[in-house]
Amino acid sequence: MALLRRAIALSVCFTCPGCAGWQSALDPHGQQARGLEGLIWTFIWVAAAVWISVMAVLVVALSRKSGRGAGNERRMRVTVGGAVAGTAAIVLALTIISFLSTRLVSSEASHPLEIRVRGYQWWWEVTYLDARAERVFTTANEIHIPVNRPVRLQLSAADVIHSFWAPNLAGKQDLIPGRENSLTFSAQQPGTYRAQCAEFCGVQHAHMALLVVAETPDAFEHWRQSQLSPAASPTNPEQAEGRKVFTSKPCASCHTIQGTSASASIGPDLTHLASRSYIAAGLLQNTRGSLAAWIADPQTIKPGNNMPNVPLTANELRAVSAYLAALK
Amino acid sequence: MNDTTQQTVSDLELGPTELAEQLAHTWRTPRTLWGTLTTVDHKIIGRRYIATAFVFLALGGVLALLMRLQLARADNRFLTPDRYDQIFTMHGVNMMFLFAVPVMEAMAVYLVPLMVGTRNIAFPRLNAYSYWLYLAGGLMLWISFVLDMAPDVGWFAYVPLSGPQFGAGKRSDIWAQMITFTEVAALAVAVEIVVTVFKQRAPGMTLERIPVFVWSMLVTSFLVLLSMPAIMVASTSLILDRLIGTHFFNPAEGGDVLLWQHLFWFFGHPEVYIIFLPAVGMVSSIIPTFVGRPIFGYLAVVLALITTGLLAFGLWVHHMFVVGLPRIGESFFTASSMAIAIPAGVQIFCWLATLWDGRPVYKTPLLFVIAFLITFVIGGLTGVMVASVPLDTQVHDTYFVVAHFHYVLIGGSVFPLLGAVYYWFPKIVGRHMSERLGRWVVGLLFVGFNLTFFPMHILGLAGMPRRVYTYQAEMHWGGMNLFVSVSAVLLALGFLLFFVDALRSIRRGPPAGHNPWRASTLEWATSSPPPNYNFTRIPVVTSAEPLWQDPEVLPVSSGLRVDRRELLVTSLTEAKPQARESSPRNSIWPFLAALATTVMLITSIFSPWAVLWGSIPLLAALIGWFWPKGTPEDEG
Numbered sequence: 009m010a011l012l013r014r015a016i017a018l019s020v021c022f023t024c025p026g027c028a029g030w031q032s033a034l035d036p037h038g039q040q041a042r043g044l045e046g047l048i049w050t051f052i053w054v055a056a057a058v059w060i061s062v063m064a065v066l067v068v069a070l071s072r073k074s075g076r077g078a079g080n081e082r083r084m085r086v087t088v089g090g091a092v093a094g095t096a097a098i099v100l101a102l103t104i105i106s107f108l109s110t111r112l113v114s115s116e117a118s119h120p121l122e123i124r125v126r127g128y129q130w131w132w133e134v135t136y137l138d139a140r141a142e143r144v145f146t147t148a149n150e151i152h153i154p155v156n157r158p159v160r161l162q163l164s165a166a167d168v169i170h171s172f173w174a175p176n177l178a179g180k181q182d183l184i185p186g187r188e189n190s191l192t193f194s195a196q197q198p199g200t201y202r203a204q205c206a207e208f209c210g211v212q213h214a215h216m217a218l219l220v221v222a223e224t225p226d227a228f229e230h231w232r233q234s235q236l237s238p239a240a241s242p243t244n245p246e247q248a249e250g251r252k253v254f255t256s257k258p259c260a261s262c263h264t265i266q267g268t269s270a271s272a273s274i275g276p277d278l279t280h281l282a283s284r285s286y287i288a289a290g291l292l293q294n295t296r297g298s299l300a301a302w303i304a305d306p307q308t309i310k311p312g313n314n315m316p317n318v319p320l321t322a323n324e325l326r327a328v329s330a331y332l333a334a335l336k
Numbered sequence: 048m049n050d051t052t053q054q055t056v057s058d059l060e061l062g063p064t065e066l067a068e069q070l071a072h073t074w075r076t077p078r079t080l081w082g083t084l085t086t087v088d089h090k091i092i093g094r095r096y097i098a099t100a101f102v103f104l105a106l107g108g109v110l111a112l113l114m115r116l117q118l119a120r121a122d123n124r125f126l127t128p129d130r131y132d133q134i135f136t137m138h139g140v141n142m143m144f145l146f147a148v149p150v151m152e153a154m155a156v157y158l159v160p161l162m163v164g165t166r167n168i169a170f171p172r173l174n175a176y177s178y179w180l181y182l183a184g185g186l187m188l189w190i191s192f193v194l195d196m197a198p199d200v201g202w203f204a205y206v207p208l209s210g211p212q213f214g215a216g217k218r219s220d221i222w223a224q225m226i227t228f229t230e231v232a233a234l235a236v237a238v239e240i241v242v243t244v245f246k247q248r249a250p251g252m253t254l255e256r257i258p259v260f261v262w263s264m265l266v267t268s269f270l271v272l273l274s275m276p277a278i279m280v281a282s283t284s285l286i287l288d289r290l291i292g293t294h295f296f297n298p299a300e301g302g303d304v305l306l307w308q309h310l311f312w313f314f315g316h317p318e319v320y321i322i323f324l325p326a327v328g329m330v331s332s333i334i335p336t337f338v339g340r341p342i343f344g345y346l347a348v349v350l351a352l353i354t355t356g357l358l359a360f361g362l363w364v365h366h367m368f369v370v371g372l373p374r375i376g377e378s379f380f381t382a383s384s385m386a387i388a389i390p391a392g393v394q395i396f397c398w399l400a401t402l403w404d405g406r407p408v409y410k411t412p413l414l415f416v417i418a419f420l421i422t423f424v425i426g427g428l429t430g431v432m433v434a435s436v437p438l439d440t441q442v443h444d445t446y447f448v449v450a451h452f453h454y455v456l457i458g459g460s461v462f463p464l465l466g467a468v469y470y471w472f473p474k475i476v477g478r479h480m481s482e483r484l485g486r487w488v489v490g491l492l493f494v495g496f497n498l499t500f501f502p503m504h505i506l507g508l509a510g511m512p513r514r515v516y517t518y519q520a521e522m523h524w525g526g527m528n529l530f531v532s533v534s535a536v537l538l539a540l541g542f543l544l545f546f547v548d549a550l551r552s553i554r555r556g557p558p559a560g561h562n563p564w565r566a567s568t569l570e571w572a573t574s575s576p577p578p579n580y581n582f583t584r585i586p587v588v589t590s591a592e593p594l595w596q597d598p599e600v601l602p603v604s605s606g607l608r609v610d611r612r613e614l615l616v617t618s619l620t621e622a623k624p625q626a627r628e629s630s631p632r633n634s635i636w637p638f639l640a641a642l643a644t645t646v647m648l649i650t651s652i653f654s655p656w657a658v659l660w661g662s663i664p665l666l667a668a669l670i671g672w673f674w675p676k677g678t679p680e681d682e683g
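Chains as they are written, first to last, in my numbering: chain A, 9 to 336; chain B, 48 to 683.
Hint data in this document are derived by calculation from the structure and do not stem from the laboratory.
Computed from a predicted model, the values in this text were never measured in an experiment.
Just so you know, not all the hints are guaranteed correct.
Some, not all, of what chain B presents toward chain A, calculated at C-beta under 7 Å [what the hints assert, rightly or not]:
1. Val370
2. Leu372
3. Pro373
4. Ile375
5. Glu592
If you want the ones that stay clear, here's a sample from chain B, every Cβ over 10 Å from chain A, calculated [what the hints assert, rightly or not]:
6. Gly62
7. Thr64
8. Pro207
9. Val304
10. Arg374
11. Ile425
12. Arg478
13. Asn562
14. Leu619
All residues carry an ideal CB built from backbone N, CA and C; glycine is no exception.
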C-alpha cells in the first residue's frame, strides 16, 4: 500500500524533476490537507479494489468454457443480488467516511488569524484585519501566515467568481460576488505553498496565482511589522526620479504606495512590492529586470489583463523599476 | 369518413407484391431537392441527424487536438488566451449540445419506430422541424467561431463572467441562443419518442416486452422534458439581463449569482444521464445479440434506468460543493450522488451475468462493450470520489474532473455508441462495416483513450486546474502534458479510422441481410435498409424476443389502409389495438417554420424587437403547417 502510494507520488515527480510539490493535494503540509489526503487514498483503494473485482468477474465471464446457458438463473440472481447489496454497503460506508471527514476538516477555530482575500480579474487583494485600525494593512498575491495557528480567510470577489485553492493546505473555496465565504486552515511546517484560482474567471484565469508563505511566529511578526510601515523612501536620485514618474504618470491612477500621493485601489497595492517574490499574480519572479519588462509591455506578458501599456521613455522605465525594486 | 369520391384501400385486399408497391407509393419521398426538404420519414431524418452529429464530433475532436497542442508544453504561445477560451468553450458546447445529446436522440429517431414496429415516428413534421432547427443552431455556433466571435465563457457560462458587465460583444448571446436552438430541437424529439413508445407499439408489445433500448430512450426523453426547461429559463434570463437590462443575476440589484448555477446544474446533471442512459440501452441491445441469450434481469435493468432517471434530479448540487452552501445540505447531495452508484451497479452486474451465461461472439460491437465496461467502471468510481464533499474540495475544477467525466462520457457513452453504429450500420445502410478495421478502431480508441485521460487524474491531484490556456514551466506539469498530447494523437487516429471505415462501407461494405447478427428485436424483421413504410404488415408481438421465438414465425396484423399514411395506435400498457391513425404527409412547412424560427432567434440577439416582428413569419409558417390540404390524411 505504502509502496504503491510512493510509486504514484514518484510517477508525478518523475515527470517533473525537482518537483517541489508546492501545489499538490498529495503533498499536504496542513492539518486540513492531511485529512483530505487520507480521504483521497481511502477512496482510491476502495475504487481500485472494486474495479479489480469487477474486471476479474468480466475476465472469467468471457473466458469460461463450461456451464453456459445451464439454466442456473436462480444462482445468478442470488449472486447479482449479493453484488448489489455489496455495492450499497460500500456506498454507505464511503458516505459515512465522507461525512465524518467533512466535520473533521471544517471545524471552526477560536481566535484565528483573520485575513480578507478579495478576488479581482486576475489578482488577489489581501488585507490583514485587526481590531485596531492602525494594524490593518493591504498587500497582494502573497499571504504570510504563522505555522500551527489557524488562519481564517474571508473570501469575496470584486468582479466575477474566483476560487481560492492552496492544495497543500486545504481544499478550495469559491469567491463569489455578492457573497462572503470563508476558509479556515493551518500550516504545519514553514514553507512556500502555491495557490491558484480554480474557477474559470476570464482570459487570464491561467495566471492568477498566489503564494502562501508559512513561517515561524517570530518571522511572521517581523514580516507583519515591516508591512505595517510606510513605503521605503528613495535612497538615490534614480529612485527619486522613479517615484516622480510613478506619481505623475498613469501608474498612480490605479495603484497605491503608502506614504506617497498614489492611493488608487484598482490594481494591487505596491507599498511593499519588493518584499514579494512574484509579480503579476505568480507569473514572473520579482526582479528589477522582470519589473521593467512587465511595466514596458504587460499586454504581451499577460494578454488581456487590466494593466495598460503606459508609454515611458527608456530613462523613465529604468527609474520607475529602480524605485519599485527598492520598495522592500 | 368516406365523404370523398376516393375509394379507400386496405391491406386486406392486396397480394404481397401489390401491397409493397402501394405502400411504397403512399410513403414515398421523391429523390429530389424538394423531397429532401419536405421529407418526414423518420429514417431519412434520423440518418441526417446521425450524420450531422458525427460531423460535429469530428469538428469537436479537432478543437480538442488544438487544445492538446497548446498544452503540450509549458508557456506555449501557439494559441492566444482569447482563442483558447473560445476553443475550450466550443469543444464543450459542441460536444454536449451538438453531438452527444443529438446523436442519442438521432439514434432513437431512426431506431425506436422500427423497434416498436410502427411506420413512422409520432409527429413526423415536428421531427423534420427539429432537425432543421438543430442544424441551424449548429451552423450559427460554428459560423460565429469562424468569425472569431464564438462564446468564450465555458459551456456552463457562469454569470457574472457571461453577464452584461464582463461578457463583451455578442459571444454570450450566441451561447444562449444556441441553447434555445438545440433545446427546442431536443424537446421536440423527446415528445415524439414518448408518444411513439406510449401509443404506437406493435400489438402485443406489452410493457415487459419493450426492448431495453426503447425503455432507455423513454426515460431519457422524460429527463429531457423535465430538465431542459431549467436551462431555457436560465439562458433566457441571461439574454434578458444582457439585452434589456433585467437583473436576474446581478447581486448589486438584488439578483443572485448562484441562481444561475442552480438552474444550470438542475439541467446539467440530468444532461449526463441524457447522454448515458441511451448508452445503457445500446449495451443492453448488443450483449444479448452477441452472447445469444436474453438480457439477464430485464426488470432490474429497466427499474435501474428509471431509478437513475429519478435520482438524476437530486444530484445537481455536487457541481457546487465549493460555492459555500451549508454543510448539512451538501451532505445530503453526497448521499444522493453516491446512491446513483447502486442502479449503475445493478446494470453492470446484470450485463456481467448475461456475459457469464452466454456464448460471446467477439464481433466489433461486443468489443466496444468490453472496452466500455473496463473504462466506464473507472469513470463511475471516480464519480463516487467527486461525490464526496471534502474530497471534491481538492479535485473540483481540476484535471481530475476532466479525466473523470471523459471516462464517463467517452468510456460510458461514446464507446457504446460506436459499438451501436457497428451494430446497426447493416440495418441503416444495408452493408456491414469492416470487421478487420473495426478491431483496429476499438484497439486504437481504447489504448489512446486511456493513455490520454488516465494521466489527467494525476495532473489534477498534482494541482493543475481546468480551463487554463497555459501553465508555467516551474509547475512541472510539462512532461505529463506532453505525454497526454501525444496519446491524444493515437485517440484521434482511432476516430479517423472509424470515419474512414464508415464512409468506405456505405458503398463498399459487404451486403447485409435482414438480420445479419441473428438479433431478437423487431428492427431486424424488415429488410436492410428498411423500406419507406418500415413493415409491410405490422408485426404482432408475443414475447420479449420476437425474432427468437419458436417456431420462428413472426405473426402480423392487417387492416390498415394503404392509400393513405396510416398507423396503428395501441394502448399504453397492454399495447392492444385501439385505432387507425393517419400519419402526416411530406411538407415544406417544417423547413420554412425552422427558417422563420432561425431568423427570429438570431436577429433577437441584436434587438429585442426581433422577437415581435420575427414571430409574424413564424406564425404564417405554422398556419401553412396545419392548414388542411384535402388529402386522405386529413380525415379523422
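Structure-based check of all given hints:
{"no.": "1", "hint": "Val370", "verdict": "5 Å, holds"}
{"no.": "2", "hint": "Leu372", "verdict": "10 Å, violated"}
{"no.": "3", "hint": "Pro373", "verdict": "11 Å, violated"}
{"no.": "4", "hint": "Ile375", "verdict": "9 Å, violated"}
{"no.": "5", "hint": "Glu592", "verdict": "14 Å, violated"}
{"no.": "6", "hint": "Gly62", "verdict": "41 Å, holds"}
{"no.": "7", "hint": "Thr64", "verdict": "41 Å, holds"}
{"no.": "8", "hint": "Pro207", "verdict": "5 Å, violated"}
{"no.": "9", "hint": "Val304", "verdict": "6 Å, violated"}
{"no.": "10", "hint": "Arg374", "verdict": "6 Å, violated"}
{"no.": "11", "hint": "Ile425", "verdict": "6 Å, violated"}
{"no.": "12", "hint": "Arg478", "verdict": "29 Å, holds"}
{"no.": "13", "hint": "Asn562", "verdict": "21 Å, holds"}
{"no.": "14", "hint": "Leu619", "verdict": "29 Å, holds"}
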